[in-house]
Each structure stands twice: as structure tokens, then as C-alpha cells.
Amino acid sequence: MANINELLTGWSYGKQTNISTPNTSAIWRQTNLNRRPWPQNPIAEDDAAEIGKGHEFATQLFKSHYADPEYELQKYLSSEIAAWAFAFAFGNVVKSGSPPGVTYTCVPILGATNPTALELPYFTFFQQLRPGSSEIFDLLRQGCAVKSLKLALNSSPGRQSATLSVGIVTTGQYTDPSGVTLPAQATLHEMQSGGSTIVINGVDYVASKNFLTAEFTWDNQFRTGFFPGSGAQDGFQTQGRFEIGDRVCGFNFVARFQNGSTELTKLRALTTGTAVITTTFDSNNNLNLTMQKMAFAVAELGESGGIVTIQVTGSQLFDSTNGLVTAVIKCSQDGIAQ
Amino acid sequence: METPKETPKETVIMKHHLSGEVQEVEASPDKLIPLMAAGWHQVPADAAPASAPESEKQ
Numbered sequence: 406m407a408n409i410n411e412l413l414t415g416w417s418y419g420k421q422t423n424i425s426t427p428n429t430s431a432i433w434r435q436t437n438l439n440r441r442p443w444p445q446n447p448i449a450e451d452d453a454a455e456i457g458k459g460h461e462f463a464t465q466l467f468k469s470h471y472a473d474p475e476y477e478l479q480k481y482l483s484s485e486i487a488a489w490a491f492a493f494a495f496g497n498v499v500k501s502g503s504p505p506g507v508t509y510t511c512v513p514i515l516g517a518t519n520p521t522a523l524e525l526p527y528f529t530f531f532q533q534l535r536p537g538s539s540e541i542f543d544l545l546r547q548g549c550a551v552k553s554l555k556l557a558l559n560s561s562p563g564r565q566s567a568t569l570s571v572g573i574v575t576t577g578q579y580t581d582p583s584g585v586t587l588p589a590q591a592t593l594h595e596m597q598s599g600g601s602t603i604v605i606n607g608v609d610y611v612a613s614k615n616f617l618t619a620e621f622t623w624d625n626q627f628r629t630g631f632f633p634g635s636g637a638q639d640g641f642q643t644q645g646r647f648e649i650g651d652r653v654c655g656f657n658f659v660a661r662f663q664n665g666s667t668e669l670t671k672l673r674a675l676t677t678g679t680a681v682i683t684t685t686f687d688s689n690n691n692l693n694l695t696m697q698k699m700a701f702a703v704a705e706l707g708e709s710g711g712i713v714t715i716q717v718t719g720s721q722l723f724d725s726t727n728g729l730v731t732a733v734i735k736c737s738q739d740g741i742a743q
Numbered sequence: 389m390e391t392p393k394e395t396p397k398e399t400v401i402m403k404h405h406l407s408g409e410v411q412e413v414e415a416s417p418d419k420l421i422p423l424m425a426a427g428w429h430q431v432p433a434d435a436a437p438a439s440a441p442e443s444e445k446q
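Just so you know, the protein sequences line up as chains E and S, in that order.
Count along the first sequence from 1, add 405, and you get the number used in my numbering.
Count along the second sequence from 1, add 388, and you get the number used in my numbering.
Only chain S is shown next, with the shape it has when bound in the complex:
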């Protein structure tokens, strides 16, 4: 019997206006609210930080 696959959690891209830092964050109130309260804002998905190349993940 196959183990049901876990549904991937939806994420959004957040950016801090002053530092310019960008993070991909799980789109749940628990994760979002502390960031938003600290001044982070949603930005379009194409602003996501580039993934590290496979060679650097080892």
C-alpha cells in the first residue's frame, strides 16, 4: 500500500522594504503575521531568491 504523499505547503515571497532581504515563506498566518508585523511585504513570485545550484547543495 502506498503512503499518501504529503501535499506541499503553499508559499509566498516576502521582502523587507528596508533591508531588501527576500524570503520564501509558508503561507500560513502563524508564519506570515510575525513577519508582516515586522514590516515584511508580499512581492511577486518572480522575486523569489534564486535556488542554489545543485553542486552547491552537497
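This is chain E alone, in the form it adopts within the complex:
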């Protein structure tokens, strides 16, 4: 019998040197709001479709592949998790400064100029339940990548006001037991939405006290990584690469709608501008997320708690100078994605 509260989760903040070599040194341990362990999912196939057996039923099973589902790390927004998530999700990272104020400037890779072509940096992920002599499981997964992320700012108080969910995938390659002792819980600097500034398309929504919620999403839309030679473990094929597909950047927000609100006017005029969201713990721990050229694709009147609102869906355009989207994160953790 094991209590789910015992489940330890850790992962490397440093990148792997390649998809198949685990990073067991630059690792941290963090809590996770997702209460489910990351399942392993070996897939078997049978011979039911083959004729000549005299009946339509399966007579044999065959090992096929590992198809572990995408796993979601669910976190309250901290400078550390923001730096890690955006660095691994976007892939082009510049690190400057030194602790306690390390700055990570992150932009999405360009396939043509990325040193690893369409592949993002890989990391190693650990989940352990009573590691040691009486382990229930102690899994090290190598070759993991960030597929998606969702940053949400809400009007509620407390930690729930700013969350970051990170969708991660694995090749299927693993080591059990990991042989790794996870470090103590990382010290995180959480940034709640009360300390945010939000300026979208020329409107300072904090100054006007009109902002309700915002959600930024990113999806790398990985292509399947099975190919001849991609690898196998236990006789099941594993994936040998995660290449970005047609990535999707989403942003929507809800604000109060009043006399002078400009969202509908800007939608009609196809006005574009930057959308800048900052969240702050202190001068050494903050996030600046900038969509470099955003128009409004949809602006729909609604209601929230009896107040008239406008729900806006952004249309992110690629700016010829500054690209699509940029995340600049300052935190005390050195070595993220390095």
C-alpha cells in the first residue's frame, strides 16, 4: 500500500548532451499539483487481422512500442519553473548574469538555424515511490522534451492566481531503479498575479483595473519519433527524436468592457501591437512574456459576476525584427537548459 503523497518528482534543469544520455547531476526536486504518476504504456499487438488461422480471433501477442502519454506537470508559477519551462519549450536560450540574478532570454528556435535542427533540448525526469530496498517504483526517463505549456493568470487571490502547466513527453527509454537520490525540495520564488503588469496593444490593463484572466499557451506539436533505428527497450520500440511540427501559440484574455474600451475598435482596424505580461516576486525573480506583434482575432462581449466583459483571442504575428514571442526570466537558479 502506498500513499500518493509519497510520490517524489524531480527532473534535470540542465539539458542532456543528447537524447539518450541522462543528466543526473543538474537536477532538482519539486512538488507537483498533478496527483497522477506518469504511467508507462507498453503497447502489444496481435494477429487477429491475419487470415489463414481458420478463425478471426487472435492467437498470439507481439511486442510493439512504448507509448507513454503526455504528462502534465502542474505548478504554481515561480521564476524557476518559468525559466525551465520556457527554455525547454522554446529552445533558443541565452543565459547571462550569475546567482542570485540569472537571466534567461528564450525565443522559439528556427529550424533552419538551430544547431540541433528541429529538435529542442532534452531533459531527464524522475518519479520515485519509496526508492531504495522497498521501492514501489524508481523510474528515470531519459530523452524527455517539453511539448506544451499553459500560463494562466486569474483574478483569484493566492497561489492559484498564477499557474504554469507543462506538458512533457518521453521516448520510452527508462532506467529502473534510477540509482539517483533526488535532492531536497528546490527553493522556489512564486509569483502571484497581484504583482503582474499587463499591457496589451497599447492598453495598460492594470492601471485601469479592468483585467480578469489571461491564458498563454504553446504547443510544439512534435512529430512522431519512431523510425528505423529509433531504439528499443524490453523488445518494445522507443522514439529516437522529438522534432517540432507546426507550433501553435495561443493567447486569450478577459477584461471588463466599459466606455472607452478599445478591443472591438482594434479588431475592426486590424491594429497590431505588443502584448507584454510581467509577473514579479522580487528584482531577482520575475518573468517578462512579450508577444511581439499581436492583433485581435476575436473580441466577444460577455459577462462575469454581473459585470460586462470582453473576451479577446489574440492572433500572434511574426514580427520581422523581434520574432513571434519572447520570454525573459530572471531567477536564482543557475544552469537551466545549459
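Just so you know, the hints here were simulated from the structure itself, not pulled from any lab data.
Keep in mind that a hint or two might mislead.
[What the hints assert, rightly or not] Every beta carbon over 10 Å from chain E, so not counted as near; a handful from chain S, in silico:
(1) Q411
(2) E412
(3) D434
(4) A436
[Unchecked claim] Here are the in silico distance ranges between beta carbons for each label pair:
(5) E:F467 x S:V410: 47 to 55 Å
(6) S:E414 x E:S425: 33 to 41 Å
(7) S:K397 x E:T586: 36 to 44 Å
(8) E:N439 x S:P422: 36 to 44 Å
(9) S:S407 x E:T426: 26 to 34 Å
Quick reminder that beta carbons are idealized off the backbone N, C-alpha and C, glycines included.
Using the hints, position chain S against chain E.
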């Protein structure tokens, strides 16, 4: 009274993967983002372009 010395700005070394060009760049978002958006990547400091000899600086 001494004039306070200006703190030197931190720099990073950036390289363009296709052209191979290397630049030392001030580590500020304003300077970095246009380069990164154009496909430049950070490389280790030992990849910095060699300084011109003093004799060539005249």
C-alpha cells in the same frame, strides 16, 4: 571628487549557425532578441572573436 566609474555591461557570445559569424553582444533583451529571432545562438565565451592586436587598433 571622483566620478563614479560606469559598470561594464555584461556581454555574451552569439553565433549564427549558418554563416558561422560570431559576435560579442551586450546581454540585454533589446540587443539579444533581434539576433535570436534571426537565428543566432549563444556559444561559450571561449568562442569569442579574437581581439585585434594593439598595433592594428591605431
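Structure-based check of each hint:
1. Q411: Label holds. Min Cβ-Cβ 12 Å, cutoff 10 Å.
2. E412: 12 Å, holds
3. D434: 15 Å, holds
4. A436: Holds, because the least Cβ-Cβ distance between A436 of chain S and chain E comes to about 14 Å, which exceeds 10 Å.
5. E:F467 x S:V410: 47 to 55 Å: 52 Å, holds
6. S:E414 x E:S425: 33 to 41 Å: Holds: the Cβ-Cβ distance is about 37 Å, inside 33 to 41 Å.
7. S:K397 x E:T586: 36 to 44 Å: Check passed, 41 Å falls within 36 to 44 Å.
8. E:N439 x S:P422: 36 to 44 Å: Given about 37 Å between the Cβ atoms, the range holds.
9. S:S407 x E:T426: 26 to 34 Å: Given about 30 Å between the Cβ atoms, the range holds.
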